[in-house]
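Novice: Single-letter residue listing:
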Amino acid sequence: MTPPGPEIEAEYIHRILAGEKHLFHELIRPCERSIYFLLFSLLKNETEAEDVAQETVIKVYQNLDKFRGDSQFRTWVLSIARNEALGRLRKIGNRREDSLDAEIDEQSGDYSPAILTSWREIPAEALEQKELGALLRNAISGLPEIYRNVVLLRDIEEMDIRETAAVLGISEASVKVRLHRARALLQRSLAPQLKGFVPKRKGWLGGRK
Amino acid sequence: MRIDCKHVWEHISAYIENDVDAELRAEIDRHLETCEICSAVLDSTRNVVILVADDRVFELPAGFSQRLHARIDRELDQQGGPNLRV
Chain A
1 MTPPGPEIEA EYIHRILAGE KHLFHELIRP CERSIYFLLF SLLKNETEAE
51 DVAQETVIKV YQNLDKFRGD SQFRTWVLSI ARNEALGRLR KIGNRREDSL
101 DAEIDEQSGD YSPAILTSWR EIPAEALEQK ELGALLRNAI SGLPEIYRNV
151 VLLRDIEEMD IRETAAVLGI SEASVKVRLH RARALLQRSL APQLKGFVPK
201 RKGWLGGRK
Chain B
1 MRIDCKHVWE HISAYIENDV DAELRAEIDR HLETCEICSA VLDSTRNVVI
51 LVADDRVFEL PAGFSQRLHA RIDRELDQQG GPNLRV
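Chain order of the listed sequences is A and B.
Going letter by letter, the first sequence gives residues 1 to 209 in our numbering.
Going letter by letter, the second sequence gives residues 1 to 86 in our numbering.
Chain A with its partners taken away, still in its complex shape (with noise of 0.2 Å):
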């Protein structure tokens, strides 16, 4: 969902702290999706995921009068749902620490694509059938986790380099090397795969003859 312009962000933040509380149920829905995918992300987890999106959201409540709007609301409040999760993995004794991330990241690896002669394009109606869609998920799931938040952000949620950035805390040239990556990998993995989706040419232009 795209965020509202941050002059409504704005207007209904303003409302709400000057009492018209319940507009935050519509200053917070846009953020909903992108919030739960990043934890979901970050926690591998859903009832973990589902349980720190509300505490996420309740802190944005109560610390709302610390938006300074330097930044879009949905990259603040997905800073605040990063660190939540970070505090929940330290919690259960995961430490997985950004340090790790940075180091990764200085590796060179093999991200070659799956080499192909032809591709003749699978459409969204594709995704009908499940299988498709579980697929693609298996793939996303099996990326090493620096990668994935990246695709999560940029591709799932389509926010755009400078967004991705600000929320995971990286450089901008971070989250292009990973996008890279990131979509080598799911290239390599997904297109021997996928060529079994391509409509058979009369099913897909509806039965003509």
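The hints are simulated quantities; they were obtained by calculation from the structure and are not laboratory data.
Please note that the accuracy of each hint is not assured.
Among chain B residues calculated to face chain A with C-beta under 10 Å, some are [stated by the list, open to error]:
#, residue
1, H11
2, I12
3, R25
4, E59
Which bits of chain B does chain A cover? Going by a derived footprint, with three or more residues having C-beta under 8 Å, they are [unchecked claim]:
#, region
5, 31-43
6, 60-72
Fair warning: this is a prediction, and the values are worked out from it, not measured in the lab.
Just so it is clear, CB atoms sit at the ideal spot from N, CA and C, and this is done for glycine as well.
On the provided structure of chain A, position chain B as indicated by the hints.
Specialist: Just chain B now, kept in the frame of chain A:
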């Protein structure tokens, strides 16, 4: 000078993002005209990027939004909340 396939692969993501300068874009385009492998790699990568963006791939758990807003309502009903700015 013609660029090779590996060079094209390095820039595929930026090419899709429209984040390559005009000179490089022209070189890649020239390469793609005659290289069916790179064309297929580019098309398949772009296709994957478009498919994963579809909302049907990642759906929120059933009832997620209702539970979230019920939780917000409980918070709003409490005293306090953000410092009121008058």
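Novice: Indicate, hint by hint, whether the structure satisfies it.
Specialist: Status of the hints after comparison with the structure:
1. H11: Holds, because the Cβ-Cβ distance from B:H11 to chain A comes to roughly 8 Å (cut-off 10 Å).
2. I12: Hint on B:I12: holds, closest Cβ of chain A at ~7 Å, below 10 Å.
3. R25: violated (16 Å)
4. E59: The hint holds - B:E59 has a Cβ within 10 Å of chain A, the shortest such distance being about 9 Å.
5. 31-43: holds (count 6)
6. 60-72: Held - the region 60-72 of chain B has 9 residues with a Cβ nearer than 8 Å to chain A, which meets the minimum of three.
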